[in-house]
Structure formats: C-alpha cells, structure tokens
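Please put together the full structure from these sequences, using the hints given.
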Amino acid sequence: MTFDLSPPLLAIYIPLIGALLIALAGRWANLREGITLGTAAALFYTVIGIVPRVLAPDFWAGYAKAPPLRLIEVVPNVFLELKVEPLGMIFALIASALWILNSLYSIGYMRGNQERHQTRFYVCFALAISSVMGLAFAGNLFTLFVFYEMLTLTTYPLVAHKGTAEALRSARTYLGILVVTSVCFLLAGIIATYAYTHDLSFKPGGVFTKALASGELSAPVLGTLFLLYMYGIGKAALMPMHRWLPAAMVAPTPVSALLHAVAVVKAGVFTVVKVIVYTFGPLTLIKYHQGSWLIYVAGATILIASFIALFQDNLKRRLAYSTVSQLSYVIIAAALLSPISIMAAALHIAAHAFGKITLFFAAGSIYTAAHKTEVSQLDGIGRRMPFTMGAFTIGALSMIGLPPTAGFISKWYLLTAAWETEYAFVVGVIILSTLLNAGYFLPIIYRAFFRPSPRAANPGRHASSTDGLFGDEDDHSHAHGHHGEHGEAPWPMVLALCCTAAATIAFFFYSDLAIDLATQLRKGLLP
Amino acid sequence: MVDVQAHLPVLIVTVPLIGGILTIATGRGWKPWAWATFLTGTVFYFTIRLMMQVLASKTGMVSYELGNWPRQWGIEYRVDALNAFILLIVGGVGFITTIYAKLSVEKEIPADRVNFFYAVWVLAITGLLGITVTGDAFNVYVLLEISSLTVYALIAMGKDMHRGALTASLRYLILGSVGASFILLGIGYLMMITGTLNMQDMHDRLMSVPGILESRTVLVAFAFLLAGLGMKMAMFPLHMWLPRAYTYAPSAVSALLAATATKVGVYMAFRFLFTIFGVGFSFGMMPSGLVLLLCASAGILVTGVTAIRQTNLKRMLAYSSVGQLGYIVLGFALANLHGIAGSVAHIFNHAVMKGGMFMALGAVVYRTGRCDIRSVRGLGKQMPLTLAAFTVGGLGLIGFPLTAGFISKWYLVQGCLERPGGWPLAAVVLIGSLLAVVYTWRVVEAAYFQEPDPGTPPVEEAPLMMLIPMWTLIGASIYFGINATFTGHIALTAARSLLGGAP
Amino acid sequence: MTGVLGIYNYWIYVILMMIGLYGVIAKPNLIKQAIALGLFQTGIFLYYISMAVIDGGTAPVWTTVQDGAQKFQGPYDNPLPHVLILTAIVVSVSVLAVALALIINIKRRYGTIEADEIEAMDIADRLAEFHAGAAADAVDEAAAEGHGLEHAHGGHHHG
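These protein sequences, in sequence, are chains A, B and C. Residues 1 to 527 (the numbering used here) are what the first sequence spells out, left to right. Residues 1001 to 1503 (the numbering used here) are what the second sequence spells out, left to right. Residues 2001 to 2159 (the numbering used here) are what the third sequence spells out, left to right.
The set of hints was computed from the structure by calculation and includes no laboratory data. For glycine and all other residues, C-beta sits at the position ideal for the given N, C-alpha and C. You may find that some hints are simply not true.
Said to hold, decoys possible - BS3-like cross-link-like pairs, simulated, lysine-lysine; straight-line CA separation at most 30 Å:
#, chain 1, residue 1, chain 2, residue 2
1, C, K2032, B, K1107
2, A, K210, A, K65
3, C, K2032, B, K1159
4, A, K65, A, K523
5, A, K65, A, K287
6, A, K210, A, K523
7, C, K2027, B, K1107
8, C, K2107, C, K2027
9, A, K83, A, K65
Claimed, not checked - Computed, partial: chain A to chain B, Cβ under 7 Å:
#, residue
10, V146
11, V183
12, A195
13, L228
Said to hold, decoys possible - Quick partial rundown of chain C residues pointing at chain B, CB under 8 Å, derived from the structure:
#, residue
14, Y2022
15, V2024
16, Q2033
17, Q2041
18, M2051
19, D2055
20, A2088
21, V2098
22, I2103
23, N2105
24, I2106
25, G2133
As structure tokens, this is what we get:
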C-alpha cells in the first residue's frame, strides 16, 4: 500500500476528507458550506495541476511504460490502480469545475427550500465526487468498476433524499437498474475479460488482440463481451436501460444538475468511450466486424428519447429525457470508431455538461422562486426571472447545437465523423434529433418570454400538481402568499447559473483546452 | 514446561474441552463469561500460531499423532493450509462472539444457568475445532456429535424465548442425528473396505487398489456421506432445520452458528469428497458435481427469493445463510481451481459478514426487544453504528466491490467461466447477488429513510461491548475486501492441494 | 450360509434402521420419534459390531501359554469397531437425553407432544406475526395514500 500523495490520488482524497469535515461540521451550517466550497476549489486546483502532464507531446510514448499508481493488490494480480489519460482528464476537469458552481447553487437551493438532512446531502455529494475522481483516473477495469459502484451507492441517498414513499420507490428503480446492469453484465464482462486475457489495464488498441490472434477468443465471443459491456454500463442510459434517469429526477435539483446531468450519466458514457477505446480498441472492433449494432441502438435511443421529451410537461422530466438522448450522442460518436468520432465523443461529454447543468439550474431556480415544476406553468416567467430564463435559453441553444454555444463544437465534430465514415443513418439521426431538440426546447422559451403571465395567481394551483414525482410544493404552502410577486431565486443560485451559461458560451470561443485533450486522445488511437 | 508449539494441534481441542467442562464450576455472574473468553482467546492464539507453523513448514502441513500412537493405530491430527484457515476462522469468530455474548446472554439466558450456557458454548466451539483439526474419520463423527449436541442445547436455552425454539431445536436434533448417523454409516463402509480410519490412508488405499473404486461398498459409502454431509451443512434442499434454529436461538448463538457451524460442515465435505475419495472419483466418476451444482443453484435462487419475503430479520438472514452456503457448495462443486478457491474464500468472508450482521441484529434485539423489519425503522439515526455495520455486511452479501463478498464472487464467477458451458452458473451467482440487494435494501430503506413507528420509545446506540466485536468482524470484511492477498493466497493454496488430492 | 441369507446380520441392521427411519418420519408422537431415532442408531451399531466379527473368531485377549510367553489364541475379531461403537452408544444416549429434555419442555410450553398439533400451533404463531405486520403495513399505506398531504406536512415541518 502506498501513501504517495500524487495528484490523481489527492483528487480522490480531497473530497473524501471534505466529506469527513462536512460531517463533523454538520451542526454549523455556514462552516459546513464553507468547507464544501473550499473542498471543491481545492479539488479543481489539484485537477488543473494534472493537465500539463497529459498534454505533454511525448505523453503516449511513455504511456505504456509508465507504471500505474498502484494503491493496493486486492486479489492476487488484480490491483486498485490509477493512471491518467486524456479522456479521464476531460471528465475530471468538468466534474471538478462544475462542482464548485454546483456547491454554490446547492447552498441557495437547500436553504431556499428548507430541505432536511442537509449534512447527509453534502457528505454524500462529496463522496460521490470522490468516486467520480476515482472513476476518471482509474487505471484498470477493476478500479473503474469499484468506483462505478461506489458512485451508485453514494448517490442513492441523494436520490432517496426526501424519504417519501415516492422518493423511495424512485430510488429503488435507480438502484435496481444500475446495480442489475452493473452486476449482471458489466461485472460478468470484466471477469470474462480477465479470464481470457489476464489483463484489465487500459491500453490504446485494446487488450484482446493477443487472445484474438491466438484463436483463444472468437469474434462472436468478442461481440458478446461488447454487448455485456454496453448494457452493463447502465449509467449510459442506453435504451431500454434508461428508466433510472427520469426516476432519479425525484432528487433535489442540485443532485439532478450535477450528478444526473454531469457526473453520473457522464460516468456512464465516459466508461463506454473508455471501454471502446482502451479495452476493445476501435481497430479491433472494426477488424472483427463487431459492435456496429450500437450505432443503431444509440440512434434509436436519441430519437425515441427526444420524442418522449416532446410530451413531458414536467420540466425536469423533459430535461431528463433530453439527457438520455444527448448521452446517446456520445455513444453513437464512440460507436462510429473513427478517430474524429472519438474526439467528438470526448468533446460532447464536455459540451453537453455545461449546457445541461445550466438548464437544470434554471429549473431548480424556477422551483425555488416560483414553486413551479411544469412547463405549462411557465407562461411569462421570463419577465420575472430574466437571468434564469436567459441562461435557460443559452443552455437550450447548446442542446440544439447552435452557435455560439458549446453544443455546436461537438456536433460539428460528430457530423464530420458521420460524413467521413459514410453513415447516412447517423447524419439523418443528427438532423432529425436537432429538429426534435428545437421542438421541445423552443416552446419553453417562447412561453417564458412571449406569453403573458397568468395574472392573479390562481389559488387552485394545488390540484394540478399533487399527483406527481415533484408534487412536494405542499411543503411550502407557507410561501403561498407571495406567489404572484416572486422575483429571481436566491443570489447564489442565480450567480451559479449565470456562470454556467457564460461557460457554455465561453466553451465555443475558448475550446482549446478541450480540443487539445481530445486531440491527445486521438493521437493515442493512431498506431 | 510443555513445548506448546509441538503440541498445538491437540491443545486446540483439549484446552477448551477440559476448560469447557470446568466452566460449570465458575459459579454465577460475569465469571463464566470471563473464563470462556479466556479459553476461546487462548484457542484463538493457538490457531494463529498453528497457521504460522503451517505456512512456515516445508511440506505445507503439520501432523500430530495423539499419544505417539502411529497413525495406523491411533488418531492423527493433520493440519494443512485449508484446515488451519478454517481453524483460524472458528477460533477467531468463536473468540469474538464470546466477547459479544456477555450482554446479550445476560439478557436472554436465565441467570442461574449462565455457567451451563458458557460450558456448552465452549464445548460447541471445541467440537467444531476438533472436526476441523482431526485427520481421523471416526474422530470426525465423535466431535461432530459433541458440537451438534451442544448446539441443540444452545438453541433452546433462552429465557423468554419463543416456544418455537424448542421445536426448532428438536427438529434440528432429529435431522442432525439422522445426518450424523448417515455419516457414521459412510465411515463404516469406508473402514470396511479400506481397513483404516485415517483419512490419508483411506485415500491411499482407494487410489492404490485397482477396481476398488467401482466396488459397491465404496459407492454406498459415498452416497451415505453425501446425504449426511448435505444435511449437516444445510445444503438446499436439506436445509429445513436451519431457518428456524437461527431465528429462535439466542442472538449470540445465531451469530456463532451462522459464522462457524455450517462452515465446518462444508469443511467436512472438502475432506470427504476431495481428500478421501479424490476429485477424480467424486467429480469424475460420480455425478455428484452435477447434483451439487443443481442443488446449489436452486438454493441460491429459492432462498434468495424466500429471504426477500421475510419480515423477521433473523429469519431473513437465516435464509440468506442457506443461499450463501449455495455459493460455497457451487464453488467446490465446480471442482476447478478458482471455483474451490472462491469456495474457501467465501467460507471466511461469509463467516465475518454474516457473523457481524447477526451481531448487529442481536444489538437491535438488545435495545428494542424485537427484530422484525418494522422495528428497525428510523434506527439508522438512533443506532447509527449498529445499522451501519448491518449495511456494510449487507453490501458484502451483495458482493459490492471492496467488501469481502466481492472477492469470493470474483473467484466464483471465474471458476464458473472456466468450466465449459458454465456461464449459466455465473449468471446464477450474479443473480443471487441481486436478490441480496433486494433483501438488504429493505432494511437499509427502513432504517435510514423511514420514520420510526409512532409510539415506539427512542433507543440508544448499542453498548460498546457489542459494537466492538461487531465492528471487528465487519472491519475484517472490509479489510479482506480491500486487501485479499492473504485470503486469496490461502484459498488458492488450499484449492491446489485439494485438487492434487493430498491434504 | 451363503447368498442373501448368508449376510443376515446386515439384513437385520438394514431392517432395524428402516423401521427407525420410518418412525422418525411418520410418527407424530415426539416420544415415539425419539425411540425411533434410538432404533435407527442401534441398527447402525449392529452393523459396526457384526462387521468386525469373523467366523469362529474370539475376543482378542492375550493368553499366557507356556514359559510365560504371551500370544493370541486362534483367529480373533477386530476389536476396533467394537471400541468405536462404545463411543457411539454414549453419543446416542446423550442424544436421547437431550431429546427427552426438549420434549419435556415442549410439553410444558405447548401442552402436547403430538408433532402435528405443535406444527399447527407454530403455523398459528407465524400467521399471527404475519398478520400483525400486514395490518400495520396496511395502516401505513392508508396513511400514506389517504392522508398523504397531512402526513407529508407534519413530517416535513417537524424535521
């Protein structure tokens, strides 16, 4: 066991220590929140410090030889180990950067809504971030699986946060789907990989080449393994394993924002890309003609999820289905197996994060300030909450993929890749889904800014929203009095969402870092 | 001064055997407990020394002839990596549960019988240790009966126990005696054809005399032994005695039994199937591999589903124990390296996890007087450490990474995949862990996300005397989940020697 | 004495054992079950004892012949199984003792020693336990559905 405090390890420890301190400071809310912010800042600083290493021009030359950071030998010959590579770097950067903003937002949200069990909330949040860091820097499949499961476990209390029967039921769906897929398929796939290759490490080009060449492993078995992995990674929300994501929306909005728009779901697609790139190897998959089904399943997921989103009245649910469809953009990009498409996948992990977190932040602000959860209630809200709805618009544009937002960049790469690989299907899916995206986001913006707000806030509001997942406005009946006159949400929330909206635009203009990292990832693919 | 090192194998049995009987003379109050703790502590120390001795020896085993009688005439105690490991488990868990027992026994056992309770308790541990250490088949039977008789008594010793404890104990007694008699018969047939009672000699003769393995005597012996062992280790569908016995027994007894008793039954199966008959006969010539695999798979699935439906948490854990035993049986029935290694590892891993979980439930009983699913509602706040222990143990049952249960699953699934056409077995192992998710999660939900029933008085955290042993076991389940090189090494060594046929 | 009848001792043991096994399984009376268990085990003892006997064998006792030299007289039976079975008899007596102790206590707590009646009472116990749980759950559900609003209200404000 090493106690080496090198940065990747530090990135796991910092949130862990933060969680401990938060638990200890539970009684003093200001101190507790201070610690959360401090931890987030320290984490981001640490993660930024790793970037130059990855961008070094001779990175790949030394990659194979560089020993992983071995923490412990769990089973003989199977280590818990860390190793930094560009894809994980992108993921870690985004998660740690957005954690800062999200913490700020959480403070406003949790206080504004007088949520209970706030200490448990912040502790679990920090633990989840620690798992995300472990996931991002995992040095082999085993480590990846360990942190993947930790992430499921640490986010469970956040989803079940409210403790109502409804929340518990949704949390059960959440845990059920994620654990079933990961244990039945992902773990089986990993153990089978180990049985065939005795090598779980991440190598550009994959680990199966030797076993395939010697005939130990046949192409159909390789295909089966690929299937196990793709459906084993339930967090990627590939249909029909996507149901946990709408269910998870029962959680407080900051959880939906960071975890179910950024960290958890991105952990899923990140794992998909990582497995395709480093375990299977795009060239191996092409050579043995495996995995092209993924393009069609992901394409179908994009369209079906977008279509479902069209008909969701609940704002968070609509966003959740939008996430399901956006995740499959990443999967479809990875499944194209060309260098450009892998780049597109990596970039979309980043680009989608900024836009989607903004949208969720906006949804949470609306809920906090106006106690509204349904799209149909949003008439005229843009005039009361200009910042929130302005940010929402930017996020929505990014989802649609219009310049000057982050979504444009990744979509551009994806379209290029689809064109190059001559998959007309993919091009068609992208065009159609762009239309659908516009179809479910633009009406919201239209309502918010151009429809008159219903005067004289109607007192019968209760009836419309007591049934659902998000019908807990009743907790705040004391706030009824000034419903008609609400303004913006508390300032920390507005500040956070303006920052993310700004970042969504900034990503369009200053995307060098992300593109450099993605390019570095692409370089690893070329032999 | 006696050379302890040279006599370790026999001291492991004689010290608690004599000391256990003396426990009766220690009177009332805390003294019987202190004496029992001292005895089990000493035995634990001996088992550690013995483990070190085995690991250090060049042959990988230690042989001890009782009274210096050569092994043809006398009894030989023979310890290799496998039984040194089981001894360590029984000794360690025995010691820890004895410490734990103090408070729960004070509450659940009549004050005037505490000395008898600890006497029987120590003798039960003695029997289990004896079965494990001996290399003589008849000695196995005698010590088996010592442990069984004492366990029957332990189950029915509670003060305000549910009357079901009595019937549970009697049912266990009858089934257990029938099972033990089958084992006795099997040993008799083996002795008839080999003319010896020493396990190693039996094996040598079965291997060396041509045609002997086809003889009807050997087949009959094998059949009787398999049935008897199945009953003793509560292999599905011969497990009927177990759920009731674990449910109604005093808390400490449930913890001890769950962690050790069936494990020693499995150990006997190892010895008889692998060491005496040899892997070629047991799993090559006989279809026992298939039978055991089917029973184990059915056991994992059926008891998993049954466990989900229980409202009494002790009964839930009891069914879960039968299911977990299915993993152990499944592992060795695969008869390949990783399968057996997984099986051996799971003996240890399950012992610490389930022992710790039963202790946690015992603490809940100690504080609330109940152990149904409703009684744990909201306890996550009132008894955080106890419920956390239960949760971590449950994660282990699920086979969550970085808990001991994961290690066993890792080996078991590998073993399943090594067997041609074994992937459905791998699926069974994995589905079994999903069932574990369901039944543990019911408790987690109730404890952390539900409010206590109105009208139930608030309770305090369990006393330290319970928390420390509980967390020692649960801590071990985490430690050996993060760093399983020790258990993995022992399990692989034991598996290799079992497959090689030599003990 | 050859053929099937030539091994009559084994037949006796098998028959005894089967009678015992039948009694254990089929007799509802617990005392009878205990007796049957004893019979079952006695069958096995007979098996051990007869297995060691050889035709015309004697007890393996040293006898002094002339000049103080000692030797065995003639063929002798294998003493080992006989010795073993002494232990087994002790075990079986202890089992019987524990069984009787349990049966006495069962009689005290249940008022009967008929297995089927006891089983019926056990099932009644379990059912009562189950119904208590189910009733409580039903109350909970009713509270959650029917009065969900008030409930949620109360819960959240007290936290």
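Inset, instruction - Measure nothing beyond the straight line between the CA atoms of A:K65 and A:K523; if it is 30 Å or shorter, mark the hint as holding. - result: 17 Å, holds
Legend entry - Agreement of hint C:Y2022 with chain B interface, Cβ distance less than 8 Å: Check failed: Cβ of C:Y2022 comes no nearer than 12 Å to chain B, outside 8 Å.
Inset, instruction - Below or equal to 30 Å on CA atoms is what counts here, so check C:K2032 against B:K1107. - result: Answer violated: C:K2032 to B:K1107 is near 35 Å, above 30 Å.
Inset, instruction - May I ask you to test the interface hint for C:D2055 with respect to chain B, counting a Cβ-Cβ separation under 8 Å as satisfied? - result: 16 Å, violated
Legend entry - 30 Å Cα cutoff - pair C:K2027, B:K1107: The hint is violated at about 37 Å.
Legend entry - chain B contact restraint on C:V2098 - CB to CB distance below 8 Å: 5 Å, holds
Inset, instruction - For the pair supplied as a hint, A:K83 and A:K65, confirm whether the alpha-carbon distance does not exceed 30 Å. - result: This hinted pair holds, its Cα atoms lying about 12 Å apart.
Legend entry - Given pair status - A:K65, A:K210, alpha carbons within 30 Å: Distance ~18 Å between A:K210 and A:K65 Cα, so the pair holds.
Legend entry - Interface hint for C:Q2033, Cβ within 8 Å of any Cβ on chain B: Cβ of C:Q2033 sits 6 Å from chain B, so the hint holds.
Legend entry - Interface hint status, C:I2106 versus chain B (Cβ within 8 Å): At about 5 Å, which falls below the 8 Å cut-off, the nearest Cβ of chain B leaves the hint on C:I2106 intact, so it holds.
Inset, instruction - Have a go at the C:Q2041 hint: is there a Cβ in chain B nearer than 8 Å to its own Cβ? - result: 6 Å, holds
Inset, instruction - Measure nothing beyond the straight line between the CA atoms of A:K210 and A:K523; if it is 30 Å or shorter, mark the hint as holding. - result: 22 Å, holds
Hint compliance for this structure: hints 1, 7, 13, 14 and 19 are broken, all remaining hints hold.
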